[in-house]
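Undergrad: Using this note's numbering, the first residue of the sequence shown is number 5, and each one after it goes up by one.
Any given hint could be a false lead.
Below are the BS3-like pairs computed for lysine-lysine, each with C-alpha atoms no more than 27 Å apart in a straight line [to be verified]: (1) K57 with K46; (2) K34 with K50; (3) K81 with K52.
The set of hints was computed from the structure by calculation and includes no laboratory data.
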Amino acid sequence: MILTDTAFHFDGNFTFKTQLAARLLGIYGKLAPSFLEKLASKETQKVKQSFQKVFEWDFDKVIMAHGSIVETGAKAKLKQGYKQFVA
Numbered sequence: 005m006i007l008t009d010t011a012f013h014f015d016g017n018f019t020f021k022t023q024l025a026a027r028l029l030g031i032y033g034k035l036a037p038s039f040l041e042k043l044a045s046k047e048t049q050k051v052k053q054s055f056q057k058v059f060e061w062d063f064d065k066v067i068m069a070h071g072s073i074v075e076t077g078a079k080a081k082l083k084q085g086y087k088q089f090v091a
């Protein structure tokens, strides 16, 4: 699966400044939405419905527009990152 601005995955492959920013936003090392997306998402029911459909797809790898590629286990990591929206 290819994600653009849906979620981010910043890890040790990035510069110190990027890692620091990711830590401050609560997304370092996670395949998750940023704090700002969580704050700005007003229609959480629509987000939940959309991601429930996404989680029906068969995928294990995610290529990120912003962040490192998640080679394996991406579906589980994305579910974990979006658990507040889909709970």
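Undergrad: Does each hint hold? Answer for all of them.
TA: Hints versus structure:
| no. | hint | result |
| --- | --- | --- |
| 1 | K57 with K46 | 19 Å, holds |
| 2 | K34 with K50 | 22 Å, holds |
| 3 | K81 with K52 | 16 Å, holds |
The earlier numbered hints are all upheld by this structure, with none contradicted.
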